[in-house]
Amino acid sequence: MVRLAWLLTGGDGAAEELVQDAFLAVFRRWDDVRDPVGYLRRSVVNACMSHHRDRARRTRERMLVGDGVVGATGSDLRDVIASLPTRQRTAIVLRYYEDLTDAEIATAMGCRVPAVKSLLHRALRSLRKVVER
Amino acid sequence: MRKDAPGLEDRLRAELATWATEAPVSDRPWTDAPEMVVVGPVRPRRAAVAVRSAAVVAAVGVLAVGAVLALSWRRPETRGGVVSGSIRQVAPGWTPVDYAGVRIEVPPGWRVVDTEGGDAGCEAADTLFVGVPARFGSCVPSLGKMPDPHVTLQRLGPHRPPTEVGRGEGLVVGDLEGMRYRIEDRMTGERADTIVFEQAGVVVFLHSIPEDPAVSSILKTLRRSPVVSLPTSEVRSGVTFHVLAGVPLFLRRDGDAVVAFIDRVPPFGARVRWCPSAGVFVSPAEGDAFDADGRVVAGPVVRGLDRVPAEVRADEVVIDFAALRAGPPPRAAVPPWSPARIAASCAPHVAR
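Heads up: the protein sequence lines correspond to chains A and B, in order.
Following this note's numbering, the numbering of the first sequence begins with 1 at its first residue and continues without gaps.
Following this note's numbering, the numbering of the second sequence begins with 134 at its first residue and continues without gaps.
Simulated from the structure, these hints should not be mistaken for laboratory data.
If you're wondering where the values come from, they're calculated on a predicted model, not measured in any experiment.
Careful, some of the hints might be misleading.
[To be verified] Listed below are several chain A residues computed to face chain B (Cβ distance under 8 Å; list not exhaustive): (1) Val-2; (2) Arg-3; (3) Gly-11; (4) Ile-92; (5) Cys-111; (6) Arg-122; (7) Leu-124; (8) Leu-127.
[Said to hold, decoys possible] Computed far set for chain A versus chain B, every beta-carbon distance over 12 Å: (9) Thr-9; (10) Asn-46; (11) Pro-85; (12) Ala-103; (13) Gly-110; (14) Pro-114.
[Unchecked claim] So the derived list for chain A, only partly shown, Cβ under 8 Å to chain B, looks like this: (15) Leu-7; (16) Ala-15; (17) Arg-112.
Virtual Cβ for every residue (Gly too), placed ideally from N, Cα, C.
Put together the whole structure using the sequences plus the hints.
Structure, rendered in structure tokens:
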């Protein structure tokens with residue numbers, strides 16, 4: 001899960017903390033949770049997207065320029081993955097790292113299957129430009 | 134989809150898999166936690182026997198309280214999505230285990246090992262460990278070259294073949310605030326997910342959920358156990374030592390105000406002692422000292438004593454472990470007390 005969060009946040013050092021929070025959320029709702037793994041995954045996804053929003057807001061407040069994604073210097077492809085919009089990156093990671101189906105991604109992201117298809121399509125289009133370069 | 138998509142997808146999978154391996158590991162490996170190593174020898178044998186006896190007495194008391202609560206059970210109180218106070222029927226042959234505000238049930242054939250009672254041993258198969266897994270150190274010789282005695286709990290039994298997943302894994306319910314457990318698979322060297330429950334007061338390793346139906350079925354029984362209570366008459370003014378729900382703690386009572394301090398140097402150190410003459414809790418192992426409010430006054434300890442606010446209701450003192458809070462960090466670095474100073478501060482007697 002830490003690795004998933006690491007990818008979802010584009011390589012952010014806060015990944016471990018976010019996963020801890022997600023585990024805590026699962027524990028607190030243990031009595032109500034029927035699918036702990038699914039619930040946990042969704043908690044991690046939500047936490048990462050929320051974290052990204054907070055980071056973007058803080059960046060704007062500090063008038064900083066640039067995305068500032070940490071740890072995204074490994075390769076061109078990685079840089080592009082890291083620079084994808086958060087939801088597109090989330091869909092890509094859940095598909096190609098977690099190997100989830102469209103329906104499972106939709107569940108994890110709290111959206112509908114057509115939206116997942118659209119996110120994946122747009123993300124792949126961006127990534128393909130790099131591959132073909 | 135374009136024709137180059139499969140190639141791109143393969144590259145994506147490879148890139149993400151590589152990138153994922155760069156995820157940071159915990160900053161504090163277990164080997165950097167010296168208190169983990171000394172926790173066993175620190176406690177004198179005589180004290181251990183006394184604590185064990187107290188634990189037995191307390192366990193009987195807790196069972197009695199549990200029986201009373203079961204008989205007087207009412208609709209569970211719902212608070213913030215967490216159902217507390219629920220008592221449900223235990224499946225035939227299963228054994229309920231209460232610890233630190235958590236109830237978990239184990240099936241027939243499973244062992245329940247209280248790590249507070251001494252060395253937990255090396256056999257982790259079909260075992261529920263209750264307490265702090267700080268005493269797996271003795272497993273190191275039998276496991277040969279493993280450099281870190283505290284990292285691995287999974288598949289701890291050396292006789293377990295690496296292909297057998299799940300049943301060789303023990304479950305651990307610990308009680309410590311803010312511990313950072315890191316688990317690695319001793320057979321494959323892979324790092325498993327780390328489960329840390331900050332402020333929840335318990336630590337449960339959930340790694341086996343998708344793999345082992347036996348472990349999963351046990352974890353599904355995990356519940357908040359009833360809050361613990363004891364007669365007000367048993368809580369004298371000042372500081373007294375108790376073992377409640379398996380957790381050793383000091384109760385400090387001042388009129389109707391009662392606070393429970395966890396009897397351990399946080400986050401996972403040695404037991405502390407209450408020195409009434411100086412009005413401090415001390416830990417001789419590292420020279421840590423805490424004032425009567427559990428604040429750090431000496432030592433390398435990272436924060437004050439973890440505490441649970443207790444509530445005095447009519448004729449009973451009620452402790453809800455869900456309210457466990459970490460102690461405050463020291464405002465400034467303070468040197469540890471020397472053994473001589475601790476001895477002087479704790480004369481003429483030490484209470485536990």
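Tested hints:
{"no.": "1", "hint": "Val-2", "result": "5 Å, holds"}
{"no.": "2", "hint": "Arg-3", "result": "4 Å, holds"}
{"no.": "3", "hint": "Gly-11", "result": "7 Å, holds"}
{"no.": "4", "hint": "Ile-92", "result": "7 Å, holds"}
{"no.": "5", "hint": "Cys-111", "result": "21 Å, violated"}
{"no.": "6", "hint": "Arg-122", "result": "13 Å, violated"}
{"no.": "7", "hint": "Leu-124", "result": "7 Å, holds"}
{"no.": "8", "hint": "Leu-127", "result": "6 Å, holds"}
{"no.": "9", "hint": "Thr-9", "result": "10 Å, violated"}
{"no.": "10", "hint": "Asn-46", "result": "15 Å, holds"}
{"no.": "11", "hint": "Pro-85", "result": "16 Å, holds"}
{"no.": "12", "hint": "Ala-103", "result": "18 Å, holds"}
{"no.": "13", "hint": "Gly-110", "result": "18 Å, holds"}
{"no.": "14", "hint": "Pro-114", "result": "16 Å, holds"}
{"no.": "15", "hint": "Leu-7", "result": "6 Å, holds"}
{"no.": "16", "hint": "Ala-15", "result": "6 Å, holds"}
{"no.": "17", "hint": "Arg-112", "result": "20 Å, violated"}
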